[in-house]
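Respectively, the protein sequence lines represent chains R and Y.
Count along the first sequence from 1, then add 37; that gives the number in the numbering used here.
Count along the second sequence from 1, then add 37; that gives the number in the numbering used here.
Do not rely on the hints blindly, as some may be mistaken.
Unchecked claim - Straight-line distance between alpha carbons at most 27 Å, and here's what the computed DSS-like set of lysine-lysine pairs gives:
#1 R:239 - Y:239
#2 R:456 - Y:473
#3 Y:239 - R:119
#4 Y:239 - R:479
To be verified - Just the calculated beta-carbon pair ranges, DEER-fashion:
#5 R:142 - Y:289: 30 to 38 Å
#6 Y:94 - R:270: 36 to 44 Å
#7 R:126 - Y:399: 33 to 41 Å
#8 Y:312 - R:424: 49 to 57 Å
#9 Y:345 - R:162: 28 to 36 Å
#10 R:412 - Y:345: 44 to 52 Å
#11 Y:473 - R:344: 38 to 46 Å
#12 Y:441 - R:344: 45 to 53 Å
None of these hints come from the bench; they were simulated from the model.
Ideal Cβ positions, reconstructed from N, Cα and C, are used throughout, including at glycine.
Protein chains: 2
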Amino acid sequence: MPKKTKSKKTKKKKIATRARKPGEAPKNAFYAQSGGVTAVINASACGLIETARKHKNRIGKVYAGRNGIIGALTEDLIDTSKESAATIRGLRHTPSGAFGSCRYKLKSLEQNRREYERLIEVFKAHNIGYFFYNGGGDSADTCLKISQLSETMGYPIKAIHVPKTVDNDLPITDNCPGFGSVAKYIAISTREASFDVASMAKTSTKVFVIEVMGRHAGWIAAAGGLASTDDTPIPIVILFPEVEFDQKKFLAKIDAMVRKHGYCSVVVSEGVHYADGKFLAESGLKDAFGHSQLGGAASVIAGMIQSELGLKNHWAVADYLQRSARHIASKTDVDMAYAMGKAAVQFALKGHNSVMPTIDRISNKPFKWKVGMAPLNKVANVEKMMPDNFISKDGFGITKRCRNYMEPLIKGEDYPPYKNGMPQYVRPKNIAVKKKLDSRFKL
Amino acid sequence: MPKKTKSKKTKKKKIATRARKPGEAPKNAFYAQSGGVTAVINASACGLIETARKHKNRIGKVYAGRNGIIGALTEDLIDTSKESAATIRGLRHTPSGAFGSCRYKLKSLEQNRREYERLIEVFKAHNIGYFFYNGGGDSADTCLKISQLSETMGYPIKAIHVPKTVDNDLPITDNCPGFGSVAKYIAISTREASFDVASMAKTSTKVFVIEVMGRHAGWIAAAGGLASTDDTPIPIVILFPEVEFDQKKFLAKIDAMVRKHGYCSVVVSEGVHYADGKFLAESGLKDAFGHSQLGGAASVIAGMIQSELGLKNHWAVADYLQRSARHIASKTDVDMAYAMGKAAVQFALKGHNSVMPTIDRISNKPFKWKVGMAPLNKVANVEKMMPDNFISKDGFGITKRCRNYMEPLIKGEDYPPYKNGMPQYVRPKNIAVKKKLDSRFKL
């Protein structure tokens, strides 16, 4: 088990804890989920709420934003204290965002100061002293700004960002909770479908294509490479958004793979594009009714393999399945997501502000990690790309270095409970907190 | 545990067992996998080979056809006796066809008698007295013909068909091994993605579309309905191949669902078609390069929802993932698949011929079943359609009757072993049996 205590580095940076004065009501906390949800973002919520419940003398209630930050802006808060311990515990094994998420990016302070002021106003009205924001790069930025503005406005708030994104693109942290489970899903699905196509290849399907998420970076596509291991080698061709698509080179690669192995699998990122930057998925698909077709890099690749090489193929688009597949989540990922939520509360209680808990890798074999801490001004608006040396020389595979990084992240299974063959995911009651402000806020 | 002994009915029909004479070498068996593979067809192979190994005095070796029946025609036999007990045991948790399958339909006896004669010739050369064919309706027909012809040719063979098909379209048997696991995968995936879209619906995606297999019958699409249960209701719209697609009615249904619930999920069968019989998936998709696009009912539906209702949506195509997802196979399905392979050997040893083991449902609550037996002339070329009363009145959902039928089939989990986060599927060595015939056979 990894140690989840703070690192030496964070110890050095430890700032003074402001203890509550006797008789003072403990501040409440606000928690919101932001952006695309994952199989394990609720595990972070679980870690956060369970830890807060252990410190009732310091943290009053945890209010969740209904549909993320929108819930704060519209004063639509959920009282998580109304949820049973069993429901909160159940969040650990429930995919998606249990309180609702949103795609709503706050504008800059200069452009829309009133949004930030409104947040502080709502926090003040509900005696909220802790702001926990569970998201990616954008929400880290929002979190930082709220912390800064709250100081200026004389209502200081401890703002802690909780990392989450399947895109794995946050800096400093070794990886982002959510990524490990997508990676595991894609690796397993690619292995299973490859076994299938291998069985069929003699007389039928010879190429299987799977489209995966990742518009800007090939982290998820790279995970397809984990399907093939020394004890179970599989011919896999990966199309990364980092590598300009070259149709001729690609088709030559497929042709060679099928000649050698009888079949192959292709993992194509939705973000794959031509040299001129045009996405494969935006190849102007229209159906017979003139409806524009939404994306589909896999179908473009499949069409190409069929028409240019004459090879029968099948294609799948994993879409939401990959990021919601809690049934096969990575235990490592679940543990990390939980630890991030827990650490966020611990950091806040120690008086930290404008920080994000991180995952710090200690060693690969055996895999060890611990919780670290990063200042938000180093996190906000910084996108971590996949290192060049994770992609093999020919541009179609992953390197040993990539494998060493990724394999620990998919390790372990953490099955949800089942009833009558179906996973039992929880749905909190999500009871609203009574509004205290007269004003209504227009988004 | 269901009793896997033969039913009373089969007892009555029991025919005389031809005991091996002293000194006579036991006949070998031939086993082949046919058509599209499944998550559990290897579990049938496992049941068959493990059972045969317990009767070495009656059955010599089990030879498998490399790539199905093609392996018999070309005398390319695999000696399964070279595989360790661990490998054979591992087949139970390995998806796909471990010996290779094929899409190769033997012509009728009148059209291509030489193919059937060739099979008998190969069987004779390798002292094969048992023919086990693991497949769907076509292979049941082949199995029947081989049995008949072998009698005529004076080299009688016990021909037993082992049911397998994700399409669930074989008659007499309650269900087909392979179907339960696809159903479970689709039910779980639909539930998980529905949780995801529910989280995002406030500001982003409102409809999730998943395309599933089933060109002629909506068995698999119906399984999407299992995602919603009394304790976890989910707004789901199912598009069955049995119901002519009516765009206006469909869009009105989606609009109503989203108004009421804020979001909904659509499960669309690849076989959905318009009143004139034209598949949605064949709506003449072309990309910017003029490549014809291969299918995609989901993208057609998604485009329609976007352009006509202006609702943001996401779509997935499950394709091979659904039938190879051994990681979340139904335990009931695995048990049944194994039982079918085991029963096939037991039937052969009892002297039965031209039959198929079946799954006979005894009761729903508690779910009980036993192994039965069906004569192949009642199975071959008969396609079982989904009963009308499985589809709800409005054509977009499943009935209680359908649910009662399907729920037991997805019950139980049967996880494969994992190593470093990946399922450990076996690959037999597949060592060839030395050829005995001079002649080569042209397919």
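Hint-by-hint comparison with the structure:
{"no.": "1", "hint": "R:239 - Y:239", "in the structure": "violated (48 Å)"}
{"no.": "2", "hint": "R:456 - Y:473", "in the structure": "violated (54 Å)"}
{"no.": "3", "hint": "Y:239 - R:119", "in the structure": "holds (23 Å)"}
{"no.": "4", "hint": "Y:239 - R:479", "in the structure": "holds (15 Å)"}
{"no.": "5", "hint": "R:142 - Y:289: 30 to 38 Å", "in the structure": "holds (34 Å)"}
{"no.": "6", "hint": "Y:94 - R:270: 36 to 44 Å", "in the structure": "holds (39 Å)"}
{"no.": "7", "hint": "R:126 - Y:399: 33 to 41 Å", "in the structure": "holds (38 Å)"}
{"no.": "8", "hint": "Y:312 - R:424: 49 to 57 Å", "in the structure": "holds (55 Å)"}
{"no.": "9", "hint": "Y:345 - R:162: 28 to 36 Å", "in the structure": "violated (43 Å)"}
{"no.": "10", "hint": "R:412 - Y:345: 44 to 52 Å", "in the structure": "holds (48 Å)"}
{"no.": "11", "hint": "Y:473 - R:344: 38 to 46 Å", "in the structure": "holds (43 Å)"}
{"no.": "12", "hint": "Y:441 - R:344: 45 to 53 Å", "in the structure": "holds (46 Å)"}
The structure fails hints 1, 2, 9 (numbered hints given earlier, in ascending order).
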